[in-house]
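One line per chain: the protein sequences are A and B, in this order. With the working numbering, letter number 166 in the first sequence gets 166, and the count goes up by one each step, no holes. With the working numbering, letter number 165 in the second sequence gets 165, and the count goes up by one each step, no holes.
Wrong hints could be hidden among the right ones.
[As the list claims (entries may be wrong)] Pairwise CB distance ranges (calculated):
id	chain 1	residue 1	chain 2	residue 2	range
1	A	E986	B	I41	51 to 61 Å
2	A	G94	B	I41	31 to 41 Å
3	A	P553	B	A149	37 to 47 Å
4	B	E77	A	G993	32 to 42 Å
5	A	G94	B	A81	48 to 58 Å
6	B	E236	A	K269	57 to 67 Å
7	A	E152	B	E77	49 to 59 Å
8	B	A81	A	E152	53 to 63 Å
9	B	R78	A	P553	43 to 53 Å
10	A	P160	B	K31	32 to 42 Å
[Stated by the list, open to error] Selected chain B positions facing chain A (Cβ under 8 Å, derived; list incomplete):
id	residue
11	N16
12	C17
13	H36
14	D64
15	A85
16	Y228
No lab work stands behind these hints, which were simulated from the structure alone. We put the beta carbon where it would ideally sit given N, CA and C, even for glycine.
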Amino acid sequence: MKPQAPVHRVEVHPSDRAGDPLGASVFRSARSLGIPCTSARTSRVYLFQAAFDPASLERVRSRLLTDPILEESTLGSRPARPGDRIIEVHPLPGVMDPAAQTVRDAVRELTGIEARVITGIRYDFGGLDRSNAEVLARRLLANGVIEQVHFEPWTPTEFPMAHPADQTLRHVPIIHLGDDELASLSRKGHLFLSLQEMRAIQSHFRDRGREPTDIELETLAQTWSEHCVHKTLKSTVRYREEGATLGAAINWAGRPGVTAHPDGSVTIKNLLKSTVAAATHELIAGGLDWALSVFVDNAGVIALDEHWAINVKVETHNRPSAIEPYGGAATGVGGCIRDVIGTGLGAKPIANTDVFCVASPALTELPPGVLHPRRILSRVVDGVRDYGNRMGIPTVNGAVYFDDRYVGNPLVFCGCVGLLPRNKIKGRVNPGDRIIALGGRTGRDGIHGATFSSAELTHTHADEFAHAVQIGNAIEEKRVLDAILRARDAETGCLYSGLTDCGAGGFSSAIGEMGSKIGATVHLDRAPLKYDGLRYDEIWISESQERMILAVPAANIEALRAICKEEGVEMADLGEFGTPTREIILNFNNKEVGRLSCDFLHDGIPMPTREAIWCSPSTSSTPSRGTGLQPVSSSSSSSSSQDIRQTLLTLLAHPIIASKRWIVRQYDHEVQGNTIIKPLVGPGGIGPGDATVIQPIHGSKQGIAIACGLATPVGDPVLNGDPYLMAIAAVDECVRNLVCVGADPDRIAILDNFCWPSCDKPQNMASLVRAAVGCYDAAKAYRTPFVSGKDSLNNQFRYTDPDSGRQITIEIPPTLLISGVGIVPDVSKCVTMDLKRAGGMLYLIGDQRRSESRSESSLIEHPRTARLIARLIQDRVVRSAHDCSEGGWLVALAEMLIASSAGVSNLGASLQHGDPLHDRSRNWAAEMFAELPGRYIIEVDRTHERLVEDHPELRWTLLGLVDDSGGLRLPDDSAPASARTIPVAELRRAFLGTLDW
Amino acid sequence: MSRTPRAIVIRTAGTNCDSEMVRGFSLAGAKTDLVHLDRLIAQPSILAEYDLVGFAGGFSYGDDCGAGRVKAVKIRERLIADLHAARDRGVPMIGACNGFQVLVQTGLLPGGEIQTAALASNARGRFIDEWVRVRYEPTSVCLWTAGFAEQRDENALMLPIAHGEGRFVVSSDRITHELEQQGQIVLRYQSDVNGSAGNIAGICDPTGRVFGLMPHPERFLSWQNHPYWTRLDPAERAGDTPGLRMFLNAVESVRHAPASA
């Protein structure tokens with residue numbers, strides 16, 4: 001055996017001149033955790049296993065690793081200062097280490113020497129004792145799932161070596177198993193298949209007279225996972241209502257796919273197809289001609305103009321983010337970007353979005369096995385930032401929602417919007433095309449991600465599913481993107497006939513899907529591996545990041561290879577699409593290890609009928625750990641200035657409403673240079689804009705507005721909510737956000753992301769049904785087709801209470817994110833929400849009557865209002881516009897004032913009592929904080945007053961005037977002017993203070 | 001006789017502000033090519049065909065080991081002589097953000113054989129994207145910003161930044177003094193945004209032709225890039241943006257120069 005090369009260690013420390021901002025930041029964080037220490041210093045650590053001669057090592061140290069001004073470096077390790085304690089963190093073996101890859105390549109270039117590299121970071125803390133060091137390492141510096149911690153400088157004598165795997169073909173005895181054994185096999189093998197599904201597999205192989213191989217069983221588990229096949233949303237549902245039911249009365253007559261029964265219950269065939277998708281197909285059948293590709297590809301596609309199309313996708317990455325928030329969020333972003341790249345014949349990503357739902361950052365008591373919500377939020381932000389920024393895609397829109405029921409199961413939504421030529425929106429894989437893998441190598445990371453993401457989280461998941469967690473490498477993905485766009489736009493025509501990304505299920509899903517109509521023959525031994533030791537089945541289902549599969553005609557292979565070489569992208573030929581019998585045939589070292597018919601793989605899954613029972617929450621008893629924003633309507637019944645002031649300031653400081661500036665400013669939301677309405681608007685750059693606008697085609701007036709809607713409290717079982725109304729409210733909010741910046745309401749496409757607790761429970765299934773029906777009604781009413789969507793079910797956290805020993809399940813509140821993209825016909829007419837000029841008139845648009853706002857007529861009223869507002873904006877009547885959402889209209893107005901405040905600008909507003917034309921007697925102060933849907937605030941120049949007030953259809957209330965007082969003056973006649981004026985500076989402080997991390 | 005100048009923008013794995021820099025040169029009238037660094041290293045002679053050079057922003061090679069480090073190492077090892085030759089024949093060069101980080105690590109800025117300036121982590125240790133107010137130094141010899149010091153319109157004295165490592169640091173205080181003496185300080189932030197020495201946001205070499213800055217002029221080619229253009233009167237957002245004027249200054253300066261080699 002070849003002797004191992006020696007291990008070298010280089011430490012790089014910040015010079016005195018450069019200072020150590022990272023150390024300072026770690027020190028602050030340690031102190032905020034209450035851990036006593038007196039100082040923190042950081043160093044980067046590089047470990048090399050390489051046959052360096054002294055001169056080469058010196059070259060690497062001085063030229064590559066050390067900046068002569070900012071850094072000093074040491075071969076080996078620098079002694080700790082007396083009394084200092086060292087904590088050193090390195091990635092666990094096999095965990096993606098992007099910096100190590102870069103260094104390895106740079107070392108080769110600099111010295112010609114092939115080195116193995118491990119990176120790490122060393123912290124030297126003053127005044128830290130050993131037990132606190134362990135706490136600090138665990139809570140702040142390292143995540144044991146992916147990192148190893150040492151309390152001294154770590155220089156191993158050799159790097160870990162993987163050993164060749166045992167590639168013996170394994171069969172799994174299944175055809176003679178009883179039900180209990182089948183269930184046990186499903187659980188122990190991490191297959192997460194139901195008994196019925198296990199039986200279907202058993203019966204299939206009985207018919208074939210043989211046992212399945214392990215890889216066949218794994219392939220079925222991946223393909224049939226909730227994550228990949230959406231079996232709950234595609235199932236048949238028997239829905240009934242019980243007891244005194246809540247919410248809207250749904251009229252079932254005439255709905256697609258619905259059969260009504262005499263007992264009042266209904267059967268809905270393929271829930272998704274009969275609701276969300278049905279709305280789109282009905283709209284298209286009714287003449288809507290700009291939805292070009294819906295629900296069939298990796299992302300939905302809509303027309304931008306005659307040459308260009310936009311594609312859009314939103315994904316969730318909840319389970320990995322619960323266990324390793326940084327990697328989970330980053331790979332969530334990366335995966336969604338690949339979905340956009342892998343649409344049609346490839347799109348260029350032009351914008352990202354992100355929405356997080358987490359528990360309150362102030363939470364003090366946590367269930368066992370969960371990370372603190374503040375750490376989760378900080379780290380998911382880091383993950384989105386590092387991936388999106390490095391990819392060069394602006395992260396332009398998002399939201400954060402807080403509710404303590406997300407404590408063990410946070411939600412991380414990642415969205416991506418792409419641009420592609422209209423003649424490249426469809427790919428077609430042909431028999432004989434080569435199966436080409438591009439990008440990252442395959443490792444053991446992410447194995448069982450698809451099945452894991454379909455399961456409920458428990459407090460032992462962090463240990464059990466560590467291998468499902470991954471770290472991303474954005475630069476690898478950027479290379480792949482560069483190569484694919486060059487291949488797509490090759491002068492001789494697109495070099496491939498189809499592509500898709502490797503997401504959940506890895507090669508098994510990607511190749512399985514692409515070959516679903518024609519079959520594929522795969523040689524797993526040809527996949528480039530990160531290290532030895534992967535069995536054939538692990539190669540097949542690994543979810544290693546940054547990989548794409550292309551179907552490439554043999555004649556184009558060399559041209560593609562040349563592009564890949566120039567872009568530094570690894571490419572491998574794994575086999576061929578098309579088999580005579582439409583099968584997926586898997587080989588390893590020329591030996592067949594699996595063979596599955598496409599029919600059974602894609603259509604063999606049994607679809608049981610699911611039970612859905614809608615009843616009042618008292619009978620369904622969801623354990624509550626607090627709801628998000630406390631309803632404030634009770635406190636606002638008093639209209640005294642003092643009470644209003646206090647309520648307003650409290651609301652502005654509430655985490656759900658408070659400024660998310662610390663997040664937004666960490667994202668590069670302007671790379672590519674096309675972000676013309678930014679996420680933060682106004683002269684001070686602090687106004688929370690309703691939507692962002694991107695202008696992707698230069699020389700065109702058109703833009704794309706991007707926004708989202710989330711109305712979780714409306715459907716919250718704890719608040720006696722109705723998910724049907726929640727879905728409508730979320731669509732409404734998304735549409736209003738888009739309309740407020742200048743989007744055309746007749747050119748808005750939306751996406752659904754359902755995140756639900758377990759739908760094995762009939763109550764939750766019923767709430768899912770109601771939300772889906774709400775989506776159908778809203779999409780048709782607003783004429784906003786759904787073009788893509790995704791669901792994540794089983795979002796609940798189960799643990800054993802350490803005190804009582806009881807099993808506790810925390811279900812998340814049913815959460816429906818509606819994301820939207822709207823075409824802006826003329827970007828020069830875009831409007832922002834910051835108040836513009838003293839003298840402007842402030843109107844509240846929409847229905848102010850609580851009883852009306854959620855009735856059936858609102859489905860007619862609200863879409864109409866959206867079109868009226870859009871018309872006013874197109875006619876340049878509106879100076880600023882903002883939607884009213886959390887906290888009601890006074891909060892919205894306060895945000896408009898805050899947005900306009902900066903330096904010299906001193907805008908204020910004086911409110912007046914209800915206007916004489918409408919309802920003089922009503923004390924609308926009582927409804928200042930009411931959260932009613934369908935409402936907007938607009939600022940209009942006095943010269944345009946009549947255009948609003950004489951409008952035959954517009955429901956308006958004059959709120960008051962913009963002035964230059966620098967304060968918000970309340971209309972309380974009983975108090976002196978000074979007592980009823982809240983300085984904008986005070987509003988601003990409340991709004992900016994809460995999440996100023 | 002005027003002719004169409006040619007510009008080259010250098011990209012690598014992880015550069016991602018390249019298309020907007022190409023647009024900047026193109027709008028200013030240059031015929032612009034986007035070229036991978038590896039291709040240039042394989043064939044450095046093509047540099048001689050260009051009148052202008054752009055180092056695009058982004059995260060070259062992931063910014064692993066340090067922002068712009070690996071790209072700078074590759075340039076220092078394989079391309080520096082050709083870049084010196086281009087500089088010496090008067091080719092204007094610009095590096096924005098990551099491009100600026102590369103220029104200081106290759107010594108092309110502030111100019112000289114060894115590295116005397118660097119861009120360290122922001123004082124708060126965090127990436128930041130925002131529009132900041134800047135001031136152009138009246139004493140600057142920079143070709144790219146000629147005429148900028150007379151600018152009084154506060155709305156035009158803004159540029160976007162988006163970086164985690166933009167804190168300007170020099171190897172000794174003598175360097176700052178030299179930069180000031182030779183008119184090499186081009187622009188400063190009006191307030192402390194990242195801890196930079198003297199709030200320096202951008203510098204040039206002693207000839208004024210090689211220019212590096214942390215802000216992104218290529219993201220301000222249209223008034224609709226401005227962070228609050230919806231509040232500005234059409235008259236206030238007429239004319240070329242400061243970002244575009246930088247590219248115009250450079251392209252115009254070579255338009256009438258004799259054709260390059």
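Each hint tested on the structure:
no.: 1; hint: E986/A / I41/B: 51 to 61 Å; in the structure: holds, 58 Å
no.: 2; hint: G94/A / I41/B: 31 to 41 Å; in the structure: holds, 33 Å
no.: 3; hint: P553/A / A149/B: 37 to 47 Å; in the structure: violated, 59 Å
no.: 4; hint: E77/B / G993/A: 32 to 42 Å; in the structure: violated, 50 Å
no.: 5; hint: G94/A / A81/B: 48 to 58 Å; in the structure: violated, 42 Å
no.: 6; hint: E236/B / K269/A: 57 to 67 Å; in the structure: holds, 59 Å
no.: 7; hint: E152/A / E77/B: 49 to 59 Å; in the structure: violated, 35 Å
no.: 8; hint: A81/B / E152/A: 53 to 63 Å; in the structure: violated, 45 Å
no.: 9; hint: R78/B / P553/A: 43 to 53 Å; in the structure: violated, 36 Å
no.: 10; hint: P160/A / K31/B: 32 to 42 Å; in the structure: violated, 52 Å
no.: 11; hint: N16; in the structure: holds, 2 Å
no.: 12; hint: C17; in the structure: holds, 6 Å
no.: 13; hint: H36; in the structure: holds, 6 Å
no.: 14; hint: D64; in the structure: holds, 4 Å
no.: 15; hint: A85; in the structure: violated, 22 Å
no.: 16; hint: Y228; in the structure: holds, 5 Å
Comparing the model with each earlier hint shows violations of hints 3, 4, 5, 7, 8, 9, 10 and 15; every other hint is respected.
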